[in-house]
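So the sequence lines, in the order shown, correspond to chains B and R.
Number 227 in the numbering used here belongs to position 227 of the first sequence; there are no gaps in the numbering.
Number 10 in the numbering used here belongs to position 10 of the second sequence; there are no gaps in the numbering.
These are computed hints drawn from the structure, not numbers from a lab.
Misleading hints may appear alongside valid ones.
[Stated by the list, open to error] Reference excerpt, derived from the structure (chain R facing chain B, CB under 8 Å, subset only):
(1) 10
(2) 11
(3) 19
(4) 21
(5) 22
(6) 25
(7) 42
(8) 46
Note that beta-carbon positions come from the ideal geometry of N, C-alpha and C, so glycine has one too.
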Amino acid sequence: MAGFLGREQIIARPGFNRWLIPPCALATHLCIGQAYALSVFNLPLTRQLGVARSIAGDWRLTQLGWIFTLAIVSLGLSAALFGKWVQSEGPRKSGVVAAVCWGFGFLIGALGIHLHQLWLVYFGYGVLGGCGLGIGYITPVSTLISWFPDRRGMSTGMAIMGFGGGALIASPLSDFLMRHFASPTSTGVAPTWVVLGVVYLAFMLGGAFGYRVPAPGWKPEGWVPPSEKAQALITRYNVTPADAIRTPQFWLLWVVLCFNVTAGIGVLGQASAMIQEVFKGRINASAAAGFVGLLGLFNMAGRFLWASLSDKIGRKPTYMCFFALGTALYALVPLAGKSGSVALFAACVCLIISMYGGGFATIPAYLADVFGTKYVSAVHGRLLTAWSAAGVFGPVLVNYIRQFQIDHGIPKSEAYNVTMYVMAGLLVIGFFANLAVKPVADRYHEHSDPLGARGDRRVMA
Amino acid sequence: MANKYGKTSNEAARAHDTVMLTLAWLAVGIPLVWGVVETLKKAMALFGAA
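So here's chain B without its partners, still in its complex pose (with noise of 0.2 Å):
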């Protein structure tokens, strides 16, 4: 079975379609990009006893949040801890670990709603489909960076996109489900979550099992590698992961994709509080939740429009536009409110989420373009902890500003200016990481041969 999932069992035969691998990347990514949707099911889980009401013994919202915080960070840590694995064994195999951890993760948690056991949830959801969460993002990008060296951007930012697509999907399959499972004796999450548990894991294995790797000495037909002279960041050769977290241009793009996420869960974490509040009187629930929505749609369209770009101006002249840009919008977005246009507002935080999500897409391409795409994954699974460190930081760090700002005083209206500055800063500070990214030293290579001995020539040719 082992021997059946191997790398070395899906090689490609000559001629085949590479258009095949982006289905498979985008099954697995929008199963998991569920996680984005996870808050839907906060209210009912505070209700699991009482139903219609919350009772004492039912769960609060302060425990429930845990559960997504628990899932961010075990991303973070398996993605860097089983990177290299990762990257060695092929992505069918890692694409059947991850459906069966993001699968069964969701089947504990609903046996941990059932009996109204968090710890159950915690470990199903939070550590579990965590894991399956880290180790499925990374699965597809080094086979797509593989099968795509002309288009690393577009290729790695579809399949990221799907990502940010998986909450549109299962936000409104959930409260379907939900209220189909509804009864006066139950919120109808647990067999949520069995159902979502069984069509993820049916559906990731789906991707999984249909991933090929190009054979050795694949290239695009008529694609020529571009010269070092003529993109001076994109390298030919290989860093391995142990040697690119010694570089500085590691911990640089560590900043650059920390300080991006921060400043977006800044806005998405109180999107629809702030549009309320900003906008006193003149826009509900209901249409908060439908500038949440949009959002979320910005954030999927940006991942691949954004990360498309970058294939033609380049990763880095694409961060510096995220940093600028941004910087200006979120200095905006206080005298949007003020001004009281509600189009200007929401264009402003529509266009700075979708520079959030255009990080995350675009970061992979520049990983290989600066360390090579021999251990893409691997190195990609490390930088991924920014994104835990940003998960666990950012909202405490916008909550905490936001409380401060109220406690002295400020109306709730304008309690968000001071985040949106703070943001800005974060911005500028990921301006300047950005710009210090220079190619990796010649030490730091893996081989004197450009295209590396051992079989990179695949990925290089």
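Given the coordinates of chain B, work out where chain R should sit on it, guided by the hints.
Chain R in isolation, oriented as in the chain B frame:
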């Protein structure tokens, strides 16, 4: 080498790929489009309010 349907193995593989390609993109495209449509419906409430 033509098979019993008169197709070469390359042509058969290409036809198989085309079918698989269509099915694979439909499998991920349909749920994604459904999710986008549902989200847009929800977002209409914002445009109504604005």
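Hint-by-hint comparison with the structure:
| no. | hint | verdict |
| --- | --- | --- |
| 1 | 10 | 6 Å, holds |
| 2 | 11 | 10 Å, violated |
| 3 | 19 | 11 Å, violated |
| 4 | 21 | 6 Å, holds |
| 5 | 22 | 10 Å, violated |
| 6 | 25 | 5 Å, holds |
| 7 | 42 | 4 Å, holds |
| 8 | 46 | 4 Å, holds |
Hint check: violations occur at hints 2, 3, 5; the rest are consistent with the structure.
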